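Asker: Going by the working numbering, the residue at position 245 of the sequence shown is 559; the numbering climbs one at a time, nothing skipped.
Check each hint, because a few of them may be wrong.
Between beta-carbon pairs, the in silico distance windows are [what the hints assert, rightly or not]: (1) 448 with 566: 26 to 32 Å; (2) 498 with 519: 38 to 44 Å; (3) 447 with 487: 21 to 27 Å; (4) 571 with 347: 21 to 27 Å; (5) 410 with 583: 45 to 51 Å; (6) 592 with 496: 22 to 28 Å; (7) 487 with 450: 38 to 44 Å; (8) 350 with 405: 50 to 56 Å; (9) 347 with 616: 21 to 27 Å; (10) 418 with 506: 29 to 35 Å; (11) 488 with 347: 39 to 45 Å.
Hint data in this document are derived by calculation from the structure and do not stem from the laboratory. Owing to the predicted nature of the structure, the values given are computational and were not obtained by experimental measurement. All C-beta atoms, glycine included, are put in the ideal place defined by N, C-alpha and C.
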Amino acid sequence: MDIVLKKTSDLSLDEIEQICYVFKNVFPGHNKSVNEFNNEFTNTEYGYSYHILLLSEGVIVGAQSYIPFKYFVSGKKTLFALSVDTMILEDYRNFDNIFDLWSIGRKAIKKEGVSFLFGFPNDNSYLLSTKGFGDKDVGDLVTYVLPYKVGSYFTKLKCLNFISKLCCRLLLAFSNFSRNNNEHNYLIKKNRETFDQYRYKWFDGKYNVVKRNDFSFVYKIINYNGVITAFLMDVYPLTKRNFDSAVRVMFSRSHTEFEVAIYVGYLHFLPQSMVKVPTKYKPKTFYFVGNILDNSVLDADVLFNIQNWEVNLSNYDLL
């Protein structure tokens with residue numbers, strides 16, 4: 315078995331097709347086309363991402379990708395990397411190959427100047443990530459929902475859809491009284507100068523980018539686990555007034571196109587336009603973990619506290 319690091323710009327079409335084949339086989343029900351692969355991994359401020367490839371006789375049987383981002387940490391610009399698509403074909407999936415893919419990959423991207431690695435592992439990867447490879451919890455993301463058609467999520471409650479629609483409209487109406495426009499001082503922020511320029515070209519590029527005079531927001535509507543869901547991905551600047559305004563505008567523009575609206579992230583306030591989902595009803599746990607690759611430039615106390623992060627689904631590769 316061999317492990318190599320390649321940048322997206324160095325991959326051949328055949329290698330990209332092999333990686334997409336592994337993706338399709340490791341994640342049943344999901345596909346990633348060559349075009350979607352390129353959209354995700356070349357739309358960075360560098361024009362490429364990093365790919366750690368596990369090879370058997372020259373054929374790609376496993377991979378892990380790292381997307382580079384510039385973040386400001388306490389005002390200092392630092393290179394981070396988002397870890398995505400950790401995958402190995404079943405016949406080659408053993409601890410040694412998993413360990414080599416992770417450990418060699420981290421050493422390789424550290425040499426490229428990455429100071430901090432972060433990711434949002436699924437249930438299967440979370441324990442391996444934290445117990446096996448030393449990643450630390452930053453904190454779980456919180457889910458907020460506007461259950462416009464509650465019966466779409468709880469099928470036994472379809473008869474109550476008319477009530478949930480009415481309640482949502484009342485909730486949005488009352489959110490007009492949301493006036494707090496104070497910004498939280500996040501110590502860890504995206505480099506907005508480049509982030510918004512590239513992030514919303516990922517995958518199929520079908521994002522709704524809405525700009526108002528004093529704020530902007532992004533949302534995307536997809537079929538998520540059988541429910542047509544509007545995901546509010548980002549609001550900037552993030553204040554309570556702007557958030558509630560964004561939900562109202564999104565609803566006004568697109569409520570005929572979705573059944574449920576969701577925001578996943580960390581908020582320093584309680585919105586009036588959405589309801590915080592109790593833990594037992596969350597559609598999934600959104601783990602948020604990280605690993606410091608260069609201790610000389612980063613403070614663990616700052617990084618491993620979710621209250622310091624400007625984080626939501628735009629930081630993530632789910633959509």
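Asker: With reference to the structure, classify each hint as holding or not holding.
Answerer: Hints versus structure:
| no. | hint | in the structure |
| --- | --- | --- |
| 1 | 448 with 566: 26 to 32 Å | violated (46 Å) |
| 2 | 498 with 519: 38 to 44 Å | violated (30 Å) |
| 3 | 447 with 487: 21 to 27 Å | violated (48 Å) |
| 4 | 571 with 347: 21 to 27 Å | holds (24 Å) |
| 5 | 410 with 583: 45 to 51 Å | holds (47 Å) |
| 6 | 592 with 496: 22 to 28 Å | holds (27 Å) |
| 7 | 487 with 450: 38 to 44 Å | holds (42 Å) |
| 8 | 350 with 405: 50 to 56 Å | violated (26 Å) |
| 9 | 347 with 616: 21 to 27 Å | violated (38 Å) |
| 10 | 418 with 506: 29 to 35 Å | holds (33 Å) |
| 11 | 488 with 347: 39 to 45 Å | holds (43 Å) |
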